[in-house]
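Trainee: If you're matching them up, the sequences are chains A and B in order. Using numbering that gives the first Met the number 0, the final residue of the first sequence is 415, and nothing's skipped along the way. Using numbering that gives the first Met the number 0, the final residue of the second sequence is 639, and nothing's skipped along the way.
The set of hints was computed from the structure by calculation and includes no laboratory data. Don't take each hint at face value.
As the list claims (entries may be wrong) - Quick list of the computed label-pair ranges, beta carbon to beta carbon:
#, chain 1, residue 1, chain 2, residue 2, range
1, A, I254, B, G305, 32 to 42 Å
2, B, G274, A, V31, 50 to 60 Å
3, B, D387, A, L16, 39 to 49 Å
To be verified - No more than 30 Å apart at the CA atoms, straight line, and that leaves these computed lysine-lysine pairs for BS3-like:
#, chain 1, residue 1, chain 2, residue 2
4, A, K98, B, K388
5, A, K224, B, K43
6, A, K224, B, K71
7, B, K449, A, K15
8, B, K71, A, K98
9, B, K237, A, K15
10, B, K388, A, K249
11, A, K414, B, K166
12, A, K250, B, K388
13, B, K409, A, K15
14, A, K249, B, K307
15, B, K78, A, K224
16, A, K249, B, K166
17, B, K43, A, K414
18, A, K35, B, K122
19, B, K562, A, K414
20, A, K414, B, K32
21, B, K317, B, K307
22, A, K35, B, K112
23, A, K15, B, K241
24, B, K96, A, K15
Even glycine gets a Cβ: it sits at the ideal position worked out from N, Cα and C.
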Amino acid sequence: MPSTELSSKDDVIIVKLANGYNLGISLVNAYVEVVKENYINVGSSEGEGATTFVGGQGDRLISIVSTGGTIVSRVEYETGAVRPALTAENLIDLVPELKEMGSIEVVDLYRILSENMTPKHWTSISKAVYEKIVGGADAVIVAHGTDTLPYTSSALAFALRNLPLPIVLVGSQRSSDRPSSDSALNLLASVIVALNAPFGEVVVAMHGSISDNYVLVNRGVKVRKVHSSRRDAFQSVNDIPLAKVIFPDKKLIVINSRYLGRCRVEDLILMPNFEERVAIIKAYPGLSPEIIDFLVDKGFKGIVLEGTGLGHVNEAVIPSIKRAVEVGVVVVMATQTIFGRVNMNVYTTGRKLLMTGVLPASDMLVETAYVKLSWLLANFNDLTEVKNLFMKNLVYEINEVHEDYIYPRWYHGDKL
Amino acid sequence: MEINYSEVGLQVGLEIHQQLDTSSKLFCRCPTKLFEGSEEDVAKVERYLRIARSETGEVDPAALYEYMKRRKIIYLVPKGHVCNVELDEEPPQELNKEALSIALGISMGFKSKIVDEVYVMRKIVVDGSNTTGFQRTAIIALGGELLDEEGAIRIQTICLEEDAARKVRDLSSSVVYNLDRLGIPLIEISTAPDMRSPEQVLRVASRIGLMLRLTGRVRRGLGTIRQDINVSIKGGAKIEIKGIQNLEIVDKVVRYEVMRQLNLLKIMNEAIMRGVKDEDIGSISDVTDVFKNCRSRLILSNLKEGNKVYACVLRRFKGLLNFEVQPGRRFGTELADYAREWGGITGIIHTDELPGYGIGVEEVRELYRVLNADGGEDVVVIVVGPEDKCVRAMSAVVGRVKEALRGVPKETRVVNDDGTTRYMRPQPGAARMYPETDIPPVRIDEGVIKEALKYVPRDPTAVYEELVSKYSLSPELSKQLLRSPHIIQFYDLLKEFSGSEITPQYIASLLTVQLKGLKSEGVPIENIGIEVLREILALVRDGRISKDGVIEVLREYALDPKKPIDDLIRKYVRRDLEETTKLIVNIVESNRDELIRKRDKAFNIVMGLAMKELRGRVDGKVVADLVRKVLNELLGSTPA
Ligand SMILES: [Zn+2]
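So here's chain A without its partners, still in its complex pose:
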């Protein structure tokens, strides 16, 4: 066995026994005889960018753009290395039922973990999706790592407008090689949604509970990863999900009447650019104005403040923010409470910030506000227009009405 990043020291060799177990043996005072040499190519990027195809029932074409992440990763039996690659064949291997819904095409676009995604990747994913739509795909699905999935879903929501079909982003919290993986159910639900849902929005399909009983279809600009590991980590914040797919019935139920319908393919617009010089600054008790100054001096064009409560930062930072706005940096305010809306009229600090020209992000998630600002700055030259559009609801990234029931409930000593 090759030693991997997992072995603790160099003086240990890993031995695989005939019964399948691995164990480590120290080389100190050991006699080692090489019986046969053999090499396995681990983690090769061979085949990246390729498109694979498997024919299925009916005449519908299901296009899957694979970008990497847990959903396309499997542990190699021989080495323990994780291989983040997807082909149409191993997808069918995993979810044989997909063949009953149509032919499957997989574009192996990237093999990157989602923490390594950048705005540049959003651009090429948007383009790849656009090509699939205009190329006649009946369903377009993007397989993606989960960590930054809501950033990418927001990016696609702004970059691809007047969608003729839903774009479904899907990930998994348990890798596909595990019998308990959530990926098969999530993928199955994604295809059902992509083919049948009435909306033309970018959505994220992931488990709604820790049981295998339904998959939630969350609006891409309103979804957040709210848990580091649970399979129901993706939940809608300040909104309700658009739909859910019930299992084992495979039934799609639309639960939100507020959505963008499907448009004509001719009306589809692609605006895939994103400004990279945008930063998120979280407010905290010791936040220093130097951080803002640094960004301004470095030529950043946008700053998203993740304020406390209704949208505040400590007063010491305000002069720096004022300077930023004066030199043309767009500064917006979202809240770090996650739930709720920014309202900067209630307290003095908020009012002062408004006066310096900070734009309130209403109930937009920080991630969404960041992506939206980055997209606006890259696609519109006029700062006034950027500012107006930022405050305007474009793709339901803003929800004006928060009814009580959309706020989650926690355990307070009641019956389980």
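Guided by the hints, dock chain B with the ligand onto chain A, whose structure is given.
Mentor: Same frame as chain A, but now just chain B with the ligand:
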């Protein structure tokens, strides 16, 4: 049937799984106690597992088998016993070092060679007993041996692994597990197939069990130790038998398995003599019409639900399905196991047992007629139920009958209460191990070894000799103590109470004979922990209760462990001499006339009445002396 085991070439290997007594589970910090609370503290989670295919595309038959059943798995999640790790909602935490040390200590006791670095693996198990679909397991030591009077038994591997979830219900469409047991650390000790007789298997299993107990760090009670055995004979097959919880029947299980394999070989020979070929095992046909006017309630209720009756002819098999393979189990029973496990139906009916079940001669004759079968030579098997289930069940039966023409099929079986076994699933193939990438390997350094040395079990023979020579226990009592689960408690109590009136003999008999006596009365002695024993023996040492009262207090405690000990002993608190004398004088005074009349029986009468009050509070001998003294004053002389 007298069997010469060396002649049949018996080979048996043991796999012993023992829960370790640690404060938390192997990969999370949940407690290792099982849930005993009420239903309102239990949440439910429903899952399905999917098969993982290995990189080579090989599908493991055992995994495939469970996959084909596509059963819903329901997990019970009791509050306080299960976290996101057991739910497969959080990656495993670091390997429990306490469990590792205990397991390494045990390995040293078996002279097994400890690995330099421990790698946790994922062993694919898709029956739902692990939420992940795999069991986490690691080899911690290789080799070693165990001495037995018939020769040394080689140890092959010692593993540290997580226990599976506890199966609560098993229905055809779903299976229910409680997650409280999932993740409790287990040590697995596997021997080579070196045992040659049922008696030897019992001896070796007992000795391994004793060595585990001698560490003082293994869990006790039903289900905390489980044994799997593999049994093979010449011409037979290596059969895996799972889930023997009661060590005492392990020899019987071996005897019954040898018997079963020999009988299956007899069936094979008989079938060959009759000239049965694969093509004589018929195809499946719908015979619902034959039973239209049937009186069998089972069949009628099925027909009413729209179900069907399917049949299959086994040519020249007549009589063979009634052939007994194990006590109370016929070849037909073996076939019914397959129908049940693969088709999810209750069983099969076959013409070797007909007429019966409300099925008359008429229907049997008609059955033979429509199937073109020979009533004198052939057997017809029927199953009743929904079409898909019947077809699956019958295909499994047909497959099993074909196997019978070749001898003993490789199976994993599960033990019944009486020591017989039933079919569980096909044997798993190789290639079901994956590295557990979520857990870094653990280096076994000097610190770990030093910790492990604390748990190395002593040599059982040396312990026996010490009990007899140093503590003057009789050989019989010593053996009983070593067989009991309480050997470690004996040493613990001895250390604490040595030098007082509580002798080694007393402690040994309390832990064996006396507790066993309570158990045979149906008292739940598992409620009696070492802490309670300590507390009560301390009361004896301090003279607050008499030795005679101990077993009574323990009985009441076991029946109601929530009651404070102080309340329980109130009845047994030692009366002082003055009080006792007063009580006896009272008894004598109020029975004066009778005692004078029945002078010869006076002592017995007073003793009986006095002990009713004083049992457990004053030693019987003290009471007898006082009674004699008081009666002497009344009657003038000492009665018998
Ligand atoms: Zn836990």
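Trainee: Are the hints correct? Go through all of them and say.
Mentor: Do the hints match the structure? See the list:
no.	hint	result
1	I254/A <-> G305/B: 32 to 42 Å	holds, 36 Å
2	G274/B <-> V31/A: 50 to 60 Å	holds, 59 Å
3	D387/B <-> L16/A: 39 to 49 Å	holds, 41 Å
4	K98/A <-> K388/B	holds, 25 Å
5	K224/A <-> K43/B	holds, 23 Å
6	K224/A <-> K71/B	holds, 28 Å
7	K449/B <-> K15/A	holds, 27 Å
8	K71/B <-> K98/A	holds, 23 Å
9	K237/B <-> K15/A	holds, 24 Å
10	K388/B <-> K249/A	holds, 23 Å
11	K414/A <-> K166/B	holds, 24 Å
12	K250/A <-> K388/B	holds, 25 Å
13	K409/B <-> K15/A	holds, 26 Å
14	K249/A <-> K307/B	holds, 29 Å
15	K78/B <-> K224/A	holds, 25 Å
16	K249/A <-> K166/B	holds, 28 Å
17	K43/B <-> K414/A	holds, 13 Å
18	K35/A <-> K122/B	holds, 27 Å
19	K562/B <-> K414/A	holds, 28 Å
20	K414/A <-> K32/B	holds, 22 Å
21	K317/B <-> K307/B	holds, 24 Å
22	K35/A <-> K112/B	holds, 26 Å
23	K15/A <-> K241/B	holds, 26 Å
24	K96/B <-> K15/A	holds, 24 Å
In this structure, none of the earlier numbered hints is contradicted; all agree with it.
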